[in-house]
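All chains should be built: construct the whole structure from the sequences, respecting the hints.
Note that the protein sequences, when read in sequence, are chains A and B. When you line the first sequence up against the working numbering, it's residues 1 to 542, in that order. When you line the second sequence up against the working numbering, it's residues 1 to 542, in that order.
Hints are computed from structural coordinates only; laboratory data are not their basis. Among the hints, a few may not be true.
Said to hold, decoys possible - Not the full set, but computed from the structure, chain A residues with beta-carbon under 10 Å of chain B:
id, residue
1, Ile55
2, Phe77
3, Asn117
4, Pro131
5, Glu133
6, Ile296
7, Gly297
8, Phe312
9, Tyr338
10, Ala361
11, Gly379
12, Arg381
13, Arg486
14, Lys538
15, Ala542
Unchecked claim - Under the rule of at most 30 Å between Cα atoms (straight-line distance), these lysine-lysine pairs were calculated in the DSBU-like manner:
id, chain 1, residue 1, chain 2, residue 2
16, B, Lys538, B, Lys419
17, A, Lys259, B, Lys197
18, A, Lys526, A, Lys538
19, B, Lys81, A, Lys370
20, A, Lys370, B, Lys526
21, A, Lys197, B, Lys197
22, B, Lys63, A, Lys349
Glycine residues also receive a C-beta, built at the ideal position from the N, C-alpha and C atoms.
For reference, the chains in residue letters:
Protein chains: 2
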Amino acid sequence: MTETALANLQNLYRIFTIPEAPDSTLGAVDHAISENVADFLQKHIVALERSLEDIEKDFAASKIPEEPSFVSDYAEFVKQKLVAQSVHTAAPGFIGHMTSALPYFMLPLSRIMTALNQNLVKVETSKAFTPMERQVLAMLHHLIYRQDDSFYQQWIHDSQHALGAFCSGGTIANTTALWAARNQLCGPDGDFAGIAKEGLFKALQYLNCNGLAILVSRRAHYSLGKAVDLLGIGRDNLILVDTDDHSRIDMAALRVEYKKLCERNIRPLALIGIAGTTETGHVDPLDDLADFAEEIGCHFHVDAAWGGPTLFSATHRHLLKGIERADSVTIDAHKQLYAPMGAGMVLFKDPHALTAIEHHANYILRHGSKDLGSHTLEGSRPGMAMLVHAGLSIIGRKGYELLIDLGIAKARKFAELIKAHPNFELMTAPELNILTYRYNPAWLQKEMGQLNQQQLQKINPLLDLITQEVQKRQREAGKTFVSRTRLRSSLYHGEQISVFRSVLANPLTTEEILAAVLEEQCAIVKQTEVQNYIEDIKQIVA
Amino acid sequence: MTETALANLQNLYRIFTIPEAPDSTLGAVDHAISENVADFLQKHIVALERSLEDIEKDFAASKIPEEPSFVSDYAEFVKQKLVAQSVHTAAPGFIGHMTSALPYFMLPLSRIMTALNQNLVKVETSKAFTPMERQVLAMLHHLIYRQDDSFYQQWIHDSQHALGAFCSGGTIANTTALWAARNQLCGPDGDFAGIAKEGLFKALQYLNCNGLAILVSRRAHYSLGKAVDLLGIGRDNLILVDTDDHSRIDMAALRVEYKKLCERNIRPLALIGIAGTTETGHVDPLDDLADFAEEIGCHFHVDAAWGGPTLFSATHRHLLKGIERADSVTIDAHKQLYAPMGAGMVLFKDPHALTAIEHHANYILRHGSKDLGSHTLEGSRPGMAMLVHAGLSIIGRKGYELLIDLGIAKARKFAELIKAHPNFELMTAPELNILTYRYNPAWLQKEMGQLNQQQLQKINPLLDLITQEVQKRQREAGKTFVSRTRLRSSLYHGEQISVFRSVLANPLTTEEILAAVLEEQCAIVKQTEVQNYIEDIKQIVA
Numbered sequence: 001m002t003e004t005a006l007a008n009l010q011n012l013y014r015i016f017t018i019p020e021a022p023d024s025t026l027g028a029v030d031h032a033i034s035e036n037v038a039d040f041l042q043k044h045i046v047a048l049e050r051s052l053e054d055i056e057k058d059f060a061a062s063k064i065p066e067e068p069s070f071v072s073d074y075a076e077f078v079k080q081k082l083v084a085q086s087v088h089t090a091a092p093g094f095i096g097h098m099t100s101a102l103p104y105f106m107l108p109l110s111r112i113m114t115a116l117n118q119n120l121v122k123v124e125t126s127k128a129f130t131p132m133e134r135q136v137l138a139m140l141h142h143l144i145y146r147q148d149d150s151f152y153q154q155w156i157h158d159s160q161h162a163l164g165a166f167c168s169g170g171t172i173a174n175t176t177a178l179w180a181a182r183n184q185l186c187g188p189d190g191d192f193a194g195i196a197k198e199g200l201f202k203a204l205q206y207l208n209c210n211g212l213a214i215l216v217s218r219r220a221h222y223s224l225g226k227a228v229d230l231l232g233i234g235r236d237n238l239i240l241v242d243t244d245d246h247s248r249i250d251m252a253a254l255r256v257e258y259k260k261l262c263e264r265n266i267r268p269l270a271l272i273g274i275a276g277t278t279e280t281g282h283v284d285p286l287d288d289l290a291d292f293a294e295e296i297g298c299h300f301h302v303d304a305a306w307g308g309p310t311l312f313s314a315t316h317r318h319l320l321k322g323i324e325r326a327d328s329v330t331i332d333a334h335k336q337l338y339a340p341m342g343a344g345m346v347l348f349k350d351p352h353a354l355t356a357i358e359h360h361a362n363y364i365l366r367h368g369s370k371d372l373g374s375h376t377l378e379g380s381r382p383g384m385a386m387l388v389h390a391g392l393s394i395i396g397r398k399g400y401e402l403l404i405d406l407g408i409a410k411a412r413k414f415a416e417l418i419k420a421h422p423n424f425e426l427m428t429a430p431e432l433n434i435l436t437y438r439y440n441p442a443w444l445q446k447e448m449g450q451l452n453q454q455q456l457q458k459i460n461p462l463l464d465l466i467t468q469e470v471q472k473r474q475r476e477a478g479k480t481f482v483s484r485t486r487l488r489s490s491l492y493h494g495e496q497i498s499v500f501r502s503v504l505a506n507p508l509t510t511e512e513i514l515a516a517v518l519e520e521q522c523a524i525v526k527q528t529e530v531q532n533y534i535e536d537i538k539q540i541v542a
Numbered sequence: 001m002t003e004t005a006l007a008n009l010q011n012l013y014r015i016f017t018i019p020e021a022p023d024s025t026l027g028a029v030d031h032a033i034s035e036n037v038a039d040f041l042q043k044h045i046v047a048l049e050r051s052l053e054d055i056e057k058d059f060a061a062s063k064i065p066e067e068p069s070f071v072s073d074y075a076e077f078v079k080q081k082l083v084a085q086s087v088h089t090a091a092p093g094f095i096g097h098m099t100s101a102l103p104y105f106m107l108p109l110s111r112i113m114t115a116l117n118q119n120l121v122k123v124e125t126s127k128a129f130t131p132m133e134r135q136v137l138a139m140l141h142h143l144i145y146r147q148d149d150s151f152y153q154q155w156i157h158d159s160q161h162a163l164g165a166f167c168s169g170g171t172i173a174n175t176t177a178l179w180a181a182r183n184q185l186c187g188p189d190g191d192f193a194g195i196a197k198e199g200l201f202k203a204l205q206y207l208n209c210n211g212l213a214i215l216v217s218r219r220a221h222y223s224l225g226k227a228v229d230l231l232g233i234g235r236d237n238l239i240l241v242d243t244d245d246h247s248r249i250d251m252a253a254l255r256v257e258y259k260k261l262c263e264r265n266i267r268p269l270a271l272i273g274i275a276g277t278t279e280t281g282h283v284d285p286l287d288d289l290a291d292f293a294e295e296i297g298c299h300f301h302v303d304a305a306w307g308g309p310t311l312f313s314a315t316h317r318h319l320l321k322g323i324e325r326a327d328s329v330t331i332d333a334h335k336q337l338y339a340p341m342g343a344g345m346v347l348f349k350d351p352h353a354l355t356a357i358e359h360h361a362n363y364i365l366r367h368g369s370k371d372l373g374s375h376t377l378e379g380s381r382p383g384m385a386m387l388v389h390a391g392l393s394i395i396g397r398k399g400y401e402l403l404i405d406l407g408i409a410k411a412r413k414f415a416e417l418i419k420a421h422p423n424f425e426l427m428t429a430p431e432l433n434i435l436t437y438r439y440n441p442a443w444l445q446k447e448m449g450q451l452n453q454q455q456l457q458k459i460n461p462l463l464d465l466i467t468q469e470v471q472k473r474q475r476e477a478g479k480t481f482v483s484r485t486r487l488r489s490s491l492y493h494g495e496q497i498s499v500f501r502s503v504l505a506n507p508l509t510t511e512e513i514l515a516a517v518l519e520e521q522c523a524i525v526k527q528t529e530v531q532n533y534i535e536d537i538k539q540i541v542a
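What follows is the structure, encoded as structure tokens:
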């Protein structure tokens, strides 16, 4: 072996065997995060945004470097180029998306998780993590379905069954639910070996219908579009039902759509209720949907990725009434269970439901094994369930209740602030902890009732431009952040309108911060480029 | 507010704002892991296995606790009930699965990743992480396809295109590849709006065929079965082609299967080559497969989840020749890129390929945005790409080359030890760093050539029981670990035989440890229960 080769080999062993010294760059960063993560993020994430094109220059090389680098050099790079230019999702003024602050204990625990590097697909690489994940699924199952002790004693650790599946996120959870529903509807029967074996084409011949469809309100999360595409059902067969004035599925419209499907001989595979829409946080009338699913005999899924944890609240859980009648429910732990990114779950009422997608292999997932992988869409998976387990244990039902109640109260408070402010217009009031609004100057709000349709159709697009511009500038300034979306507004004859969207989930967000968000938006409106739109509007009104 | 309510609220704020004290239980665990993770794991993971049924008792409660717990109490629980009973995947004697040791720097970096809690679905929650992930995809694309600089300059940060998709693991990667291939084959054309919109039923009518099929060798990873099920193709249409004596796809058998499909008017959607089979680590003749895919005009995918990083090695990369002709390639970073669990990738030769599964939403992934989520199967995702970026930067091409070369050399060494040992039988020699073998006493190996078919059919199942029993006892003893699987062995007329499976990827595994693995197996064979099987065999031979 040459001297260089030997040196390389020694360096290689070193990175696997010798930890970073506490006084090294990476050691220091690590220490700073352990000591006070909020302070670290505050100090190291720069507020003012560089343009993405500018940031891209730091990530322009397309070749893997030939030579190894020192960890310290790389740690410097991470600090200056990655951390500094990341998004301060934990900041209390970041109220635009569903990613918020994490409880402190999540950090050391997630390091334990990484250090253990368990793979939950099979017991041989996860041992205690397997029953732990099954327990988490049972606990969430109980939160939704409230079966008695004997039910859980029977099923919690039963290797042939599963109360749900842990996944990387809500998209896989929703997909898993619909996959199981599809395979259950088209299960083996007589000469037909089932859709899992024979495929969708033969399944439709067997069912003697022209297609499968999924019914859900217009407010459906976009993951459902991906799911129907993946599953071979087709996006045309994701029937988006109109909503009422409160962004909830319109039951009369649902019946009309169902009738249309019957006329086309298309079989409804699943009806989906939303418990906390992504854009406005509304909850569908789940009990009515459960009734209707029962009536037409189809799978009833509830996408509670966001709103599921509302069940913790004695005050608000009634909003989700009917969820306990769902065949399957999606909940994301990286949303309102305050776990780090990458933790979704789907729960099934019936412990036999996941049998429809069961699979085995020779080297793992053998029949009779307790390997979790035989009932999950994904294969190798990290032990994220541990962080959910930690949250449920440390925060407890009452702690989560407090978080939920605080969020909803804060959203209502923010709605009041918006309504009380002359220059803002509340577009959707919060049912849970999400609301939408827009900037609309007081004088214009007064005028709008008197304007004709033609004028309105010119003004709303200009208000949209204001919303878009203000949101962008606010984000770039880096002090506070709201997101934006486009909604059909019942206030304006169902026209699509751009709105600010605010998600109140960070317990550290105060009323003062909410007021500051509005103030900053007003200040941005005063900037020349935005004022130009206001001038354009004035001309239309004049 | 009552006093209790106020106290609860204060506790709640505390977990979001005050870090664990260094002398707390969790602080101490955290510190111990920072100081010396190998030592921590060695001390805290107990070697001797408790039965899973016994461990389940610690995870039996099915209700979420009402009251919050102290972090310190929970940390004690984690130490004693979870860490102690986890699997020491990083131990150098754990040579049974694809999960191995992590370089030290992965731990502090993954804590930074968790602390930042970026969500890579959209730029608004990931900023610099977006170009960083795109760079990682470009680097892996270059490792495989070696396009010139101008190619990468054009595509690396092009918002309308993607060189690949980052995913939670190889299953999602393989599924994404086949999804894109399916949607490309059945894209919009004339009156047909494409399979994404109209679904599989209409797509087959449009293609005027009776089904779609995927061709791959019998050694295919079980994720492909899930993928064809999900995609509506059906497991019957995953055509498992026979392999030659070296576990590689038999090209003549492939042609026969293709002909059969044509006769049934079933359209081959994709041909899949395997670069490192899960069970034996063999590589298909990728150049021949590329030729054949070209000839029949179908998508060519390579599942290089395990073997992809062999491309780092100047000595061994020739084994993967032809991979650069693949339309798509899966690589898992949590395998031979030594990233923590949860990092898969699929790369596409053509930057336009992922357009076939592109999707948008109103609040994110807007047309023209750089949001990564418009081209991924998953939605919200953590910044795992950072850890891959770190590995590529710190270890470098040459470092990974060394890791690959060491692993293959070690596997060959282990094969020699097995062959030199009178009581073991090498079942599949390592092409990369995986091999299979079994215990077969010297006297029996000598006899087996002379035995008749009937005797062999009784003896092999008894040897299978020995393999199963030894593997189980060795795992339970907790000193060393190999896995097991069942293979059709060309040594025994294609009979299915149970074998030990060994994966040599941990750089800290020494020759002494390999010798100790065999010694321990011999010692277990001497135990009465295993000897009983030997006695049974003796009676058959006699």
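Here's how the hints hold up against the structure:
Among the interface hints, the one on A:Ile55 holds; its C-beta lies about 5 Å from the nearest C-beta in chain B, closer than the 10 Å criterion. Taken as an interface hint, A:Phe77 checks out: its beta carbon lies about 8 Å from the nearest beta carbon of chain B, inside 10 Å. Evaluation of the A:Asn117 hint against chain B yields a held restraint, the C-beta minimum of about 5 Å falling below 10 Å. Satisfaction of the interface hint for A:Pro131 is found here, the shortest Cβ-Cβ separation to chain B being roughly 4 Å, below the 10 Å cut-off.
Given the 10 Å rule on beta carbons, the hint for A:Glu133 holds: about 9 Å separates it from the nearest Cβ of chain B. Of the supplied interface hints, the one on A:Ile296 is violated, with its beta-carbon coming no nearer than about 20 Å to a beta-carbon of chain B, more than 10 Å. Restraint check, A:Gly297 versus chain B: the minimum CB separation of about 21 Å is more than 10 Å; hint violated. Nearest Cβ of chain B to the Cβ of A:Phe312: about 8 Å, under the 10 Å cut. The hint holds.
For A:Tyr338, the interface hint holds, the least distance from its beta-carbon to any beta-carbon of chain B being 8 Å, beneath 10 Å. Hint status for A:Ala361: holds, given a least beta-carbon distance of 4 Å to chain B, under 10 Å. Taken as an interface hint, A:Gly379 checks out: its beta carbon lies about 4 Å from the nearest beta carbon of chain B, inside 10 Å. For the restraint placing A:Arg381 at the interface with chain B, the shortest Cβ-Cβ distance is roughly 7 Å, inside the 10 Å limit, so the hint holds.
Look at A:Arg486: its Cβ gets to within about 5 Å of chain B, closer than 10 Å, so that hint holds up. Hint status for A:Lys538 relative to chain B: violated, with the closest Cβ pair at about 29 Å, above 10 Å. At a threshold of 10 Å, the smallest CB-CB gap from A:Ala542 to chain B is about 32 Å, leaving the interface hint violated. Proximity of B:Lys538 to B:Lys419 is assessed by CA-CA distance (about 23 Å); at most 30 Å being required, the pair is judged to hold.
Restraint check: the Cα-Cα separation between A:Lys259 and B:Lys197 comes to about 21 Å, which is no more than 30 Å; the hinted pair holds. At roughly 15 Å between alpha-carbon atoms, A:Lys526 and A:Lys538 fall within 30 Å of each other, so this suggested pair holds. Between the alpha carbons of B:Lys81 and A:Lys370 the distance comes to roughly 18 Å, so the proposed pair stays at or under 30 Å and holds. Straight-line distance between C-alpha atoms of A:Lys370 and B:Lys526 comes to about 29 Å, which keeps the hinted pair within the 30 Å bound.
Of the supplied pair hints, the one linking A:Lys197 and B:Lys197 holds, its CA atoms being roughly 23 Å apart against a limit of 30 Å. Proposed proximity of B:Lys63 and A:Lys349 is supported: the alpha carbons are some 16 Å apart, at most 30 Å.
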